[in-house]
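Place chains D and V on chain U using the hints.
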Amino acid sequence: MSLTEYRVLPGPESYLPPAAASMGVVLPDKGSALVEGGIVLKEEAMEKIVDKLLTAKNPVFFPGPLVLWAWKEGVAEKAKAIKEMAEAVGAKIIPMPDYRPKYPMINPAIEINPNHPNLTIWHNKIDACIFVGVHCHYANVALKMIRGGTDCYTMALCSEAGHEDAMISLRDFRIEDLYTMTEMIKKRKGEGK
Amino acid sequence: MKKDIFQISPGFEDIMPAEYRDLIDNGPFEKNVGVSDLGSFKELLEEHPLCAGCGLALSLRLILASLPNPEDTIIVGSTGCSALAFPQVALHNIHSLFGNQNAVASGLKRALTLRFPDKVKDVVVIAGDGATADIGLDMVLQSWFRQENITTIMLDNEAYANTGGQESGMSPMGTVLNMAPKGKKFPKVSVPELARESGCAYVATVTPAQPKKLGKAVVRGILAARELGPSYIQVFAPCPTNYKFKPNETISKIKLREKEGTYETKEYITAEAQELFARLEEGKK
Amino acid sequence: MIEQRVVEPPQLFEAEKETQFITGSEAVREAIRRANVEMAISYPITPQSESMHLVGDLFAEGYIKEYFRGENEFAVMSSVAGAAMGGVRVFTATGGPGTLRAFEAFSTWAGARLPIVCAFMTRGINSPLTIQPDTIEMAFMLDTGIIMLHAETAQDLHDMILRSFMIAEQTEVHIPVGVFVDGFFVTHTRDKVDIAPADMKLPPYDPYSSPVPVMDMENVPFRQMRDPFVMKSNYVSYSAHASWQQEVMAAAERARKYIHQYLGDLIETEYPDADILLIASGTAVSQSREAMAMARSEGFSVGLVKIKSIRPFPEKEIRELVRNAKAVIVPEFNRVGWLAREIKSVAEDTTKIVAGPRVYGGMTMPPNMIMDEIRRCSI
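These protein sequences, in sequence, are chains U, D and V.
If you count the first sequence from 1, position 172 lands on 881 in this note's numbering, and the numbers rise without skipping.
If you count the second sequence from 1, position 61 lands on 795 in this note's numbering, and the numbers rise without skipping.
If you count the third sequence from 1, position 166 lands on 169 in this note's numbering, and the numbers rise without skipping.
These are calculated hints, taken from the structure and not from any lab test.
The C-beta atom is built at its ideal place from N, Cα and C for all residues, glycine as well.
Careful, some of the hints might be misleading.
[Claimed, not checked] Computed footprint of chain U on chain V; a stretch qualifies when at least three of its residues, placed anywhere within it, have a C-beta under 8 Å from a C-beta of chain U:
id, segment
1, 44-54
2, 168-177
3, 255-266
[To be verified] Below, simulated BS3-like cross-link-like pairs (lysine-lysine); rule was C-alpha separation at most 27 Å, straight line:
id, chain 1, residue 1, chain 2, residue 2
4, U, Lys739, U, Lys751
5, V, Lys235, U, Lys834
6, D, Lys736, U, Lys781
Extracted from the complex, chain U is given alone in its bound form (with noise of 0.2 Å):
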């Protein structure tokens, strides 16, 4: 495949999928976001995130440290915020707690983990799903092997530069985002689509 034709969709994608950064998808500027490996603009890309976490089977919210801890101001409001999000979708969330890779193993009905993603997602039969609060690099890791193993479609919201490897990703992600993405998702519930 030449660089300017890959795109970042959903998998299973192979047994070892390539870093979407070194095929040529390149992070947008501020106010823009990536949308299965193009430029669009952050609103076009809110109103897809709300479409595909309305029209999944089984969207799941992946909420990691830096959401799950409230170890600074202002992210008490931010994970509540999250968590009325994936309410007004009817999503579950299950957390990334930390980055360890676990022993004897992780119980993937109740926890994700950046290394082995994958067990999560199949076990939970997830088809969509959103990353929040996650280191960027742990986010990139497991983005990639989700890619590569499961058909899951991946979203991130990311408050430094956004994520190539996520079918959707918003960068410079605030709280206002969320506030906006719920009302998005109450008004097109209200409208019964």
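Then chains D and V, alone, in the frame of chain U:
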């Protein structure tokens, strides 16, 4: 009140796996617990993959339970069996490379002193005998020469256990191990004496057969490193897998060696450290 | 010490400059003076030592908060790693045998996502011992995962070091930057260097924008090993390690944008449409420029390509340039010709690439050597 990093975000308590809730509710953070309290609090070491009867796993549990300030303790480890347990330790800890632990700890301690001049940040090195007495000995000694404010703890299982039981500098003379097919030709390296001569303020050799003594040494080592300079603690942690004894014999092996006089527990305390401990230990009473 | 104020990077980089006539080592000092570096760790090796002496002077003056001499390069690179994991902006430098003594540390720097900036004053590493200029150590460094910039001049050295902190510390990059410079030729010679006022410095490093947790027990998760063993014998463990390595490579890809932003294109060209292109990095560029001037005065169609970034490598740019040239000459200051290999690995037609001329062991490269190749290619 607990530090914020130990607070689960409100609303997420019910989704957190039980061991994390347990750690927050019953863990050792800001509680002033010690080895005598084991069993009454949630330990920092979660399930780990070390062998049954592993002297190192037991010692590690005791060391972690003894930390005077776990909420502000950062551990630097090294390659070896203990490194398999460290991902499961609920503290910030570093595995960099085999043998460079005291060099990493030197940089880390100085960085943390720069960033948190008004806080106590204990940097504790916990590494095996191969890492400490062989491949990393130069960096261990140099960190002592430089008077780095770090505590160095050796988990001495008298072999390279993780790579399959090879001779280390800490194996007793005569022991037949891999890479010593005719038996080891030289005695255990005298690291405690090296520590004393290299400027450590406090040096102790202890064993998990005497947990309270071990705990006291860990506390003293850390207090000495905080206030005075480097400290060294050597913990005898026999390896049933490579020394081929039963997992339930670990403690009796230690006691036997002590009785034979082939593993001596001792303390070297500088006059300065004596004074410090007298002040601090008196203050506690 | 001059009172310094923090300014935004563009303000520092685009400030009105003063021209100083200084050595390469002094150019390093002036970069570090403005880089808001918190800690530096040193170890002597020729031809690097002078740079870190001068950085030590900055510590004595108060520009740097912590500085010490370590016990050997492996230990220094390990201490630097510890400092970076503790969340400070840290600088060091080495070269030649020191680079190889420390070699194991560099790939862990990249794997651990440490934004360390390290200068490499290159020299020979072979037996018999030599302290003379040679870029062979760069061949070994190519696959460690670190970003590699190659300075031609003292100005490059100054600019690359100062600006590398801004490249290395981007959250999505956050891997080390090695700034390589040919020892002696640049470090020990004087040149004009344009320098921003000394009362400005870069903004401080924010450790909590790191893509991995900082080891300070002040951020989450508190159960965190840098870096955890992914050693179970099963497919997902292997795949986690593979994905981790891919992410480090991806980080270098993401650096392209910031290299562009802070240092311009990854390559610079003069007469890129010429029949014969001289493609080089480091001081081989200066010798090539001399040769190009000679050749052009004799009527040859010769152009020059200076490669500034070796990792990430300007694949597309080089492929394009090689495609359009009739012949490509790659002069190098080392025995193995690593740059020629790199160029061949991206070129469509490798037969037009002349992997040389090369000198080593401290030899200089007379432009005539390159001129001879130009003549041969023109037959």
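A quick look at each hint next to the structure:
For a cut-off of 8 Å, the count of residues in the segment 44-54 of chain V with a CB near a CB of chain U stands at 0, and the three-residue condition is violated. Coverage of the segment 168-177 of chain V by chain U holds [criterion: at least 3 residues with CB-CB distance below 8 Å; count 4]. Coverage of a stretch by a chain is defined here by at least three residues with a beta carbon nearer than 8 Å to that chain's beta carbons; for the segment 255-266 of chain V and chain U the count is 3, and the condition holds. Among the hinted pairs, Lys739(U) with Lys751(U) is consistent with the structure: their alpha-carbon atoms are about 9 Å apart, no more than 27 Å.
Distance restraint check for Lys235(V) and Lys834(U): the Cα-Cα separation of roughly 24 Å lies within the 27 Å cut-off, and the hinted pair is therefore satisfied. Distance check on the hinted pair: Lys736(D) and Lys781(U) sit about 13 Å apart at the alpha-carbon level, within 27 Å; holds.
In summary, the one numbered hint that this structure violates is 1.
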